[in-house]
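**Student:** So the chains spell out like this:
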Amino acid sequence: MSQTVVEINNLVKRYKELIALDNFSLKIEEGEVFGLLGPNGSGKTTTINCLLSLLSYDKGEVKVFGEAMKPDRLDLKARIGVVSQNVAVFNELTVYENVDFFCGLYIKDKKLKKQYVNEALEFVDIMDFKNFYPKKLSGGLLRRLNIACGIAHKPELIIFDEPTVAVDPQSRNRILEGIAELNKNGATIIYTSHYMEEVEQLCNRVLIMDKGKMIACGTSDELRRMIKNSESVVVNIKRLDESVIEDIKKLNHVYDVRYMNDILTIKCSGGKHNITHVVEYFAERQLNYDRIYSELPTLNDVFLEITGKELRDKE
Amino acid sequence: MFFHIFISRLKINIRNKDAILWSLVFSLALGTLFYFAFNSIYKNAKSTTIKVAVVENDATSGYMDLSSSLSDLKYEDGSKILDIKKVDYDAAIELLNKDEDDKDRVSGIIDLRDIEDVKLEVKETGTAQSVLASVVSVYRQYISIIVETIKKDPSNISNVISEFENEAASLVESKSLSGDNKDPYVTYFYSLITMMSVMACMAGVIVPESCQANQSDVGARVDVSSVGRMTYELAGLLSAAIIQVSITIIGLFYYTKILKVNFGGDENLVFLTAVLSTILGISLGFFVGHIGRLSQKARENILMIFVVAGGFLSGLMVANMKILVEMKAPIVNRINPSAVITDAFYALNMYGVSDRYYHAVAYIVGLSIIFITGGLIMSRRKSYASL
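Protein chains in written order, with numbering that gives the first Met the number 0: chain A, 0 to 314; chain B, 0 to 386.
To be clear, the hints were calculated from the coordinates, so they are not data collected in a lab. Incorrect hints may have been included.
Claimed, not checked - Derived, one-sided and incomplete: chain B residues facing chain A with beta-carbon distance under 7 angstroms: (1) Ala212; (2) Val217; (3) Val226.
Claimed, not checked - For lysine-lysine, the following DSS-like pairs were computed, each having C-alpha atoms within a straight-line distance of at most 27 angstroms: (4) A:Lys210 <-> B:Lys381; (5) B:Lys50 <-> A:Lys113; (6) B:Lys122 <-> B:Lys50.
For glycine and all other residues, C-beta sits at the position ideal for the given N, C-alpha and C.
Construct all of the structure, not just a fragment, from the sequences and the given hints.
**Tutor:** Right, here's the structure in full:
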């Protein structure tokens with residue numbers, strides 16, 4: 000039977016008039032990769048900071064490994080690793096010294112610490128840069144160093160707070176692969192992000208939050224099933240009569256049709272082979288198109304449908 | 000754990016070359032400047048007895064035996080600083096206006112006819128006139144303070160006299176003082192050491208920054224670790240102290256061994272006082288590093304204001320200021336680190352190892368303990384209202 004690693008009940012956090020967390024609750028089981036998904040300012044980082052007892056809160060309860068989390072619970076903190084949004088390393092220490100320093104805050108045995116530090120450097124693949132100072136590292140390498148500092152002591156619970164912000168695709172993939180491997184090795188992961196693709200790829204379970212509240216929680220499939228849209232058929236076509244749009248609206252399972260910038264988007268709810276029906280219609284009307292394809296709903300669609308706004312700020 | 004943090008913090012501090020470089024440059028460059036600027040002035044002034052006319056009247060001639068105390072001022076080699084001619088005002092003017100070659104010519108007139116308004120009259124500027132101005136300035140202050148204190152708070156008279164002696168000693172040597180002061184320009188070096196020590200607060204203020212989540216990202220990382228904050232901060236404090244104390248000792252070695260500044264009696268005690276003063280400076284920074292939720296820049300600005308204002312009030316910039324503070328708000332002299340440190344150096348310089356010196360050192364140690372304890376109490380592991 001799996002143990003509950005994190006339990007948050009009815010957490011309320013106010014910044015004067017602003018309610019950052021509004022009766023927020025969640026439960027994370029051992030071995031999960033749990034995604035916290037939400038737009039910027041939705042309360043993800045506040046949740047993490049309350050969970051770590053860095054932030055005080057107005058109401059509610061936070062339990063880690065079944066025990067109440069408090070600022071002085073050093074025993075609980077020893078079992079947690081944090082990879083923060085901002086790179087938190089000392090510029091005066093080399094890569095190796097940084098990892099050694101932070102690992103040494105948890106591990107007293109020198110031999111074990113050395114082993115852990117080397118393993119962490121190998122894990123994030125920055126051993127070749129171990130004598131470099133952080134200022135000499137690229138953004139991606141810095142992120143990897145940041146991760147090494149957070150995981151070197153082999154914590155049971157690892158919190159990744161938007162670890163891939165401003166990271167190149169190659170480093171991003173390496174980071175995501177690494178997180179999956181950490182989970183495979185037994186760590187429970189909390190992963191906060193506003194990149195839905197990452198969360199979908201990585202997480203067993205996802206909690207979508209907005210304005211400090213839980214919007215929805217479940218596996219990606221469960222979340223997708225919560226919304227009306229089950230498939231979108233997209234057609235790249237130039238010049239389209241209004242009558243065509245009206246005809247398509249009448250097809251089975253179609254509930255929304257939009258044509259913009261030579262792209263026709265047909266949203267369907269339920270049903271099978273929706274794309275076939277659209278292809279048949281175009282053939283019947285002898286209409287030529289450049290491309291047609293089908294898309295399954297993303298977590299962004301889930302968020303859009305529930306809140307009426309995009310998950311990610313336009314970048 | 001403590002040792003691990005201490006070694007890492009030491010590495011961080013040592014590699015922060017800018018901070019070390021500027022501290023050393025401040026110490027060595029200003030010391031060199033003082034050496035060339037003031038050493039030559041005092042050497043020129045030394046052993047040159049200045050002829051001066053003193054004008055008294057019947058009412059003031061016996062008052063506190065002032066003219067006699069002026070004539071008693073002596074250089075270290077025993078020669079007199081002032082060669083006094085007691086004359087009436089007209090005769091004094093005549094002596095002042097004599098030709099440069101005339102052996103009776105005086106460099107100035109000290110007018111003591113109104114004891115509460117001692118006047119100095121000179122005809123030109125020069126080293127002799129500067130020394131006379133210093134003497135008169137101190138005596139003018141001395142008399143007004145004595146008179147005022149007798150009127151308002153006779154019980155504080157001994158403290159005021161003591162502070163006066165401090166100021167007077169920095170300007171002229173007086174046989175009335177029993178210490179083993181060798182050179183008046185040494186006081187400039189004491190002031191420099193005081194400033195260096197208090198400036199060490201900049202090394203203390205960064206200690207809390209790296210373990211408090213509301214001050215830095217690294218602070219947040221340390222804050223969520225399993226290390227006790229007191230352990231972390233004390234290790235950081237010790238490493239900062241080692242660096243700053245080393246800088247102070249290098250500075251002192253430079254003054255004593257290269258510039259050959261003679262600090263008087265027991266040189267080891269000068270070193271000890273400087274080391275304790277540096278620790279006081281770091282402690283001050285450590286304390287300020289824990290106050291409220293301010294940016295690091297704001298904390299450094301507050302400290303800079305505190306250092307400059309403290310230096311001003313302790314008389315490092317304006318002579319006699321410390322006496323005025325002693326009269327108006329003596330508590331300031333007890334809690335102002337600059338004042339406490341200058342007092343210790345003064346006591347050592349003038350009285351050698353004495354109760355007054357021990358008293359001053361006890362203040363330095365006491366204030367350091369208060370600042371460090373205060374900082375540690377404020378830093379108790381806590382959650383923040385915002386980050």
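**Student:** Each of the hints needs a verdict: does it hold here or not?
**Tutor:** Each hint tested on the structure:
Satisfaction of the interface hint for Ala212 of chain B is found here, the shortest Cβ-Cβ separation to chain A being roughly 5 angstroms, below the 7 angstroms cut-off. Interface hint at Val217 of chain B: satisfied, since its Cβ lies 5 angstroms from the closest Cβ of chain A, which is below the 7 angstroms cut-off. The interface hint given for Val226 of chain B holds, since its Cβ lies 5 angstroms from the closest Cβ of chain A, which is under the 7 angstroms cut-off. Proposed proximity of Lys210 of chain A and Lys381 of chain B is supported: the alpha carbons are some 26 angstroms apart, at most 27 angstroms.
Distance restraint check for Lys50 of chain B and Lys113 of chain A: the Cα-Cα separation of roughly 78 angstroms exceeds the 27 angstroms cut-off, and the hinted pair is therefore not satisfied. A C-alpha spacing of about 13 angstroms is found between Lys122 of chain B and Lys50 of chain B, which places the hinted pair at or below 27 angstroms, so the restraint holds.
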